[in-house]
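Undergrad: Sequence:
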Amino acid sequence: MKVGIVANTGKEGASGALERLRGALEARGIAAVFEKGAAALLGAVDGLEGPELAVTCDVIAVLGGDGTMLNAAARLGATEKPVAGINIGTLGFLTSCTDDEVELFADALLSGDFGTSRHALLSATVLRADGSRMHFLALNEVVLARGQTGRLVSLSAYVDGELLNHYRADGLIVATPTGSTAYSLSAGGPLISPSAAAFVITPICPHTLSQRSLVVGDDTLVELAPENADEAPMLFTVDGRDCVTIHHGDRIEVRKAGQFLNLLRLRGHSFYEAVRQKLNWRGG
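Just add 526 to wherever you are in the sequence shown, counting from 1, and you've got my numbering.
Please note that the accuracy of each hint is not assured.
To be verified - Heads up, simulated SDA-like pairs for lysine to any residue below, C-alpha to C-alpha not over 25 angstroms straight-line:
id, residue 1, residue 2
1, Lys782, Asn691
2, Lys782, Gly743
3, Lys804, Glu627
4, Lys607, Leu636
5, Lys607, Asn597
6, Lys607, Asp768
7, Lys562, Gly573
8, Lys528, Glu629
9, Lys537, Gly766
10, Lys562, Glu575
11, Lys804, Val741
12, Lys528, Glu545
13, Lys782, His692
14, Lys782, Arg644
15, Lys562, Thr624
16, Lys607, Arg546
17, Lys607, Ser719
18, Lys782, Ala671
19, Lys528, Arg644
20, Lys782, Cys769
21, Lys562, Asp626
22, Lys782, Asn597
23, Lys782, Gly603
24, Lys562, Ala550
25, Lys537, Phe797
26, Lys528, Gly794
27, Lys607, Leu574
28, Lys607, Ile556
29, Lys528, Phe786
30, Lys537, Ala558
31, Lys528, Arg601
32, Lys607, Ser796
33, Lys607, Val581
34, Lys782, Ala722
35, Lys782, Leu647
As the list claims (entries may be wrong) - Label-pair ranges, simulated between beta-carbon atoms:
id, residue 1, residue 2, range
36, Thr651, Leu735, 27 to 37 angstroms
37, Gly638, Ser719, 18 to 28 angstroms
38, Gln674, Asp584, 40 to 50 angstroms
39, Thr651, Gly542, 36 to 46 angstroms
40, Glu575, Glu606, 15 to 25 angstroms
I should point out that these hints are in silico values taken from the structure, not numbers from a laboratory.
Every residue, glycine too, gets a C-beta built ideally from N, C-alpha and C.
Use the sequences and the hints to build the structure in full.
TA: Shown next as structure tokens:
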């Protein structure tokens, strides 16, 4: 078995966590292969680019937090290999274990005692008024929001070609079940199980308080567009990473992508455990 390792090299404790993970894997006869950034942190020069790492290895381990996982998903490209998040700190929604549990992680790889959960991705296309197109993939969400104006903006949302609503808000979020625990949750959206075949459309600070999140099937085509030329340009972001200026006359199509991200889950570690821990849920 080969395990590819990606790391947030700017995170405090990353170097020590990398060393512990490499040691735990090699002690069990599991080969460790590093992405360029992780290799450089260890003083090596033989690191691989993300797509090559995904092709070469059987499992990908990502050291960092949920943000590192989002970036790693983009860097790895299309892959069905299991991806394990190892959080430097506390357990995250997207991570399999913490950096204190690398021995447990290595044992699970050796024995095969782990599961995977399949996470849907969003495919987003920006269609310019001049006919040009830009394509993006998102694990968490895409957002169309106001640009540099400090005022609310007017946006339209369509579902399968039918008008959903005209919004006056700071913006709109279209999130996967995975992304329901991120920006959408902060904006008042619902939590959705990762296995649910659904997306959620959540307005950001809407002017009308009756405008709430809407959960739609993941076979839905969602279209977003700015309504008022005087309020453009707006900003379109993908997983908080890619940022594109949207002008009046542009529109955005969002649908389920044709690929998934397979997250590795250790026994006893689940989405529901992460929800209880991260949201500090307690019984009566």
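Undergrad: The structure should be examined with respect to each hint, and the outcome stated for every one.
TA: Okay, the hints, checked on the actual structure:
1. Restraint check for lysine 782 and asparagine 691: the C-alpha separation of about 21 angstroms stays at or below 25 angstroms, so the hint holds.
2. With a CA separation close to 10 angstroms, the supplied pair lysine 782 and glycine 743 stays within the 25 angstroms bound.
3. Among the hinted pairs, lysine 804 with glutamate 627 is consistent with the structure: their alpha-carbon atoms are about 18 angstroms apart, no more than 25 angstroms.
4. Restraint check for lysine 607 and leucine 636: the C-alpha separation of about 16 angstroms stays at or below 25 angstroms, so the hint holds.
5. A C-alpha spacing of about 16 angstroms is found between lysine 607 and asparagine 597, which places the hinted pair at or below 25 angstroms, so the restraint holds.
6. The straight-line distance between the Cα atoms of lysine 607 and aspartate 768 is roughly 24 angstroms, inside the 25 angstroms bound, and the hint therefore holds.
7. Using a Cα cut-off of 25 angstroms, the hinted pair lysine 562 and glycine 573 holds, with the two alpha carbons roughly 4 angstroms apart.
8. With a C-alpha separation of about 16 angstroms, the suggested pair lysine 528 and glutamate 629 falls inside the 25 angstroms cut-off, and the hint holds.
9. Straight-line distance between C-alpha atoms of lysine 537 and glycine 766 comes to about 18 angstroms, which keeps the hinted pair within the 25 angstroms bound.
10. Restraint check: the Cα-Cα separation between lysine 562 and glutamate 575 comes to about 6 angstroms, which is no more than 25 angstroms; the hinted pair holds.
11. Taking the CA atoms of lysine 804 and valine 741, the gap is near 23 angstroms; set against the 25 angstroms cutoff, the hint holds.
12. Only pairs whose Cα atoms come within 25 angstroms are accepted, and lysine 528 paired with glutamate 545 is accepted, the gap being roughly 16 angstroms.
13. For the suggested pair lysine 782 and histidine 692, the alpha carbons sit about 23 angstroms apart, so the restraint of at most 25 angstroms is met.
14. The hinted pair formed by lysine 782 and arginine 644 meets the criterion: a straight-line CA distance of about 13 angstroms does not exceed 25 angstroms.
15. This hinted pair checks out: lysine 562 and threonine 624 have alpha carbons roughly 22 angstroms apart, not beyond 25 angstroms.
16. Taken as a hint, the lysine 607 and arginine 546 pair is honoured in the structure, with Cα atoms around 23 angstroms apart against an allowance of 25 angstroms.
17. Of the pairs offered as hints, the one joining lysine 607 and serine 719 holds, with about 21 angstroms between alpha carbons and a cut-off of 25 angstroms not exceeded.
18. Our distance criterion of 25 angstroms between C-alpha atoms is met by lysine 782 and alanine 671, whose separation comes to about 21 angstroms.
19. Distance hint between lysine 528 and arginine 644 is fulfilled; the C-alpha atoms sit about 21 angstroms from each other, no more than 25 angstroms.
20. Simply put, lysine 782 and cysteine 769 have alpha-carbon atoms about 20 angstroms apart, close enough for the 25 angstroms limit, and the pair holds.
21. For the given pair, lysine 562 sits about 24 angstroms from aspartate 626 by alpha-carbon distance, which is consistent with the 25 angstroms threshold.
22. For the hint pairing lysine 782 with asparagine 597, the CA-to-CA distance comes to about 19 angstroms; that is within 25 angstroms, so the pair holds.
23. The suggested pairing of lysine 782 with glycine 603 holds, with an alpha-carbon distance near 16 angstroms, which does not exceed 25 angstroms.
24. Proximity of lysine 562 to alanine 550 is assessed by CA-CA distance (about 20 angstroms); at most 25 angstroms being required, the pair is judged to hold.
25. Under the criterion of a C-alpha separation no larger than 25 angstroms, the hint pairing lysine 537 with phenylalanine 797 is consistent with the structure, at around 24 angstroms.
26. Distance restraint check for lysine 528 and glycine 794: the Cα-Cα separation of roughly 24 angstroms lies within the 25 angstroms cut-off, and the hinted pair is therefore satisfied.
27. Between the alpha carbons of lysine 607 and leucine 574 the distance comes to roughly 16 angstroms, so the proposed pair stays at or under 25 angstroms and holds.
28. A hinted pair counts as satisfied when its Cα atoms are at most 25 angstroms apart, and lysine 607 with isoleucine 556 qualifies at roughly 16 angstroms.
29. Annotation: proposed proximity of lysine 528 to phenylalanine 786 holds, straight-line Cα distance about 21 angstroms (limit 25 angstroms).
30. For the hint linking lysine 537 to alanine 558, the alpha-carbon distance of about 20 angstroms falls within 25 angstroms, and the restraint holds.
31. Restraint check for lysine 528 and arginine 601: satisfied, since their Cα atoms lie roughly 19 angstroms apart, inside the 25 angstroms limit.
32. Note on lysine 607 and serine 796: the hinted pairing holds, with a Cα-Cα distance of about 19 angstroms set against a maximum of 25 angstroms.
33. For a cut-off of 25 angstroms, the pair hint linking lysine 607 to valine 581 stands: about 8 angstroms separates their Cα positions.
34. At most 25 angstroms may separate the alpha-carbon atoms for a hinted pair to count; lysine 782 and alanine 722 meet this at roughly 13 angstroms.
35. Taken as a hint, the lysine 782 and leucine 647 pair is honoured in the structure, with Cα atoms around 6 angstroms apart against an allowance of 25 angstroms.
36. Checking the proposed 27 to 37 angstroms range against threonine 651 and leucine 735 shows it holds: the Cβ atoms sit about 32 angstroms from each other.
37. Distance hint for glycine 638 and serine 719: a CB-CB separation of about 25 angstroms, consistent with the stated range 18 to 28 angstroms.
38. Checked against the hint of 40 to 50 angstroms, the C-beta distance between glutamine 674 and aspartate 584 comes to roughly 46 angstroms, which is consistent with it.
39. For threonine 651 paired with glycine 542, a C-beta distance near 42 angstroms keeps the hint of 36 to 46 angstroms intact.
40. A hinted range of 15 to 25 angstroms holds for the C-beta pair glutamate 575 and glutamate 606, which are about 18 angstroms apart.
Consistency note: the structure conflicts with none of the earlier hints.
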